[in-house]
Amino acid sequence: MLFEAHLTDDTEKINHALITLLDRLSVEFCDVVIMGIVHRVVHGGSMYTKPVKINKQVIEALQSLIPLAPMHIKPELCAINMLFKTFPNTLQVACFDTSFHSTQPELEKWFPLPAPLFNDGIHRYGFHGLSYEYISRLIPKVIPKEHRQKVLVAHLGSGASLCALYKGKSIASSMGFTALDGLMMGTRCGSIDPGVVLHLLQQKGMTADAVSSLLYKNSGLLGVSGESADIRDLVSSESPSAQRALDLFSYSVAKHAGSLIMIMSGIDAIIFTGGVGENSAEIRKNVLQYFHWLNAIIDVSANNTHSQVLHHPKSTIGIYKISTNEEWMLAYHCFSFLKADAF
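Mapping the sequence shown onto the UniProt record's numbering, position 293 (from 1) lands on 293, and the numbers just tick up by one.
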């Protein structure tokens, strides 16, 4: 059974949510002993390229990373600290959404900015790493050999990104320094001309906080449609603005996909995952219309029934829908620490 608590940046609300969750767990699973607690941490900066046990030094390091992902790391730290007070002797593990992308070549990581900024950690990281790690582990089990080498994975949800997997390793991705970059998303703008930010600050007189709120919370599908950040709402809407938002989303996916396909020097398969990627036949169809030059042919019936294999027998590339499971990856990494501590 899954329990969810909506976290805000308010420590009191976070603590209340966790207390409610723990109380519920104590009733539903009264005989269960909690051996480990694992956290999905969005940004690991340059410091963390693999999961780590959380201790005082890690907490201090995470505090220094707050500016890189303020919406995510601050509430996560509140949860970590509260759980240490409740379970002082229980293992806590941090898994970073950036870690999986540490295999990307250095050239992929650079921005065209002065070198000292790169050395200060201002470079491309990539996100949704736990999702891509899970998919990369499944590929040898569910995809035929001829479709495994050059794989484009589309993690499409309220947050959305693409990852180029070459022989199971991340070599490029659509997100960069922050989870704001890349594809158009539910409320996030994705890639835009940096000059727009300067214009908003200098000419429109907006504050940095106001610009941050605009780009993170009031753009993307919500901003363009003026209606909703939910794909399902927009698909059922008849308004021109909703259709424009859907068209722009699919166009954004296709545009970024093209650059990653070039980096891989081709493509053997595309995998759709994430809430939208797994459940929206409409979005999959619209995105794949841009792949016609690759002779990527979708099987309409398979797409409409959300089958795992979506390509038509005459398709040149493989097209798949695979459900991701970030929670499984979190549990796997936590169990690895528990197993190591047992010896």
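Just so you know, these hints were derived from the structure itself, not from any lab. Heads up, some of the hints might be wrong.
[Said to hold, decoys possible] The calculated label-pair distances, taken between Cβ atoms and stated as ranges, are:
#1 Tyr-251 to Val-196: 12 to 22 angstroms
#2 His-312 to Met-262: 22 to 32 angstroms
#3 Trp-328 to Val-32: 10 to 20 angstroms
#4 Ser-301 to Phe-111: 41 to 51 angstroms
Just so we're clear, the structure is a prediction, and the values are computed from it rather than from any experiment. Backbone N, C-alpha and C fix where the C-beta goes; we use that ideal spot for every residue, glycine too.
So, going through the hints one by one against the coordinates:
The given range of 12 to 22 angstroms is respected by Tyr-251 and Val-196, whose C-beta atoms sit roughly 18 angstroms from each other. For the pair His-312 and Met-262, the beta carbons lie near 25 angstroms from each other, so the given range of 22 to 32 angstroms is met. Restraint check, Trp-328 to Val-32: a C-beta distance of roughly 18 angstroms satisfies the suggested window 10 to 20 angstroms. Hint check: Ser-301 to Phe-111, Cβ distance near 44 angstroms, so the stated range 41 to 51 angstroms holds.
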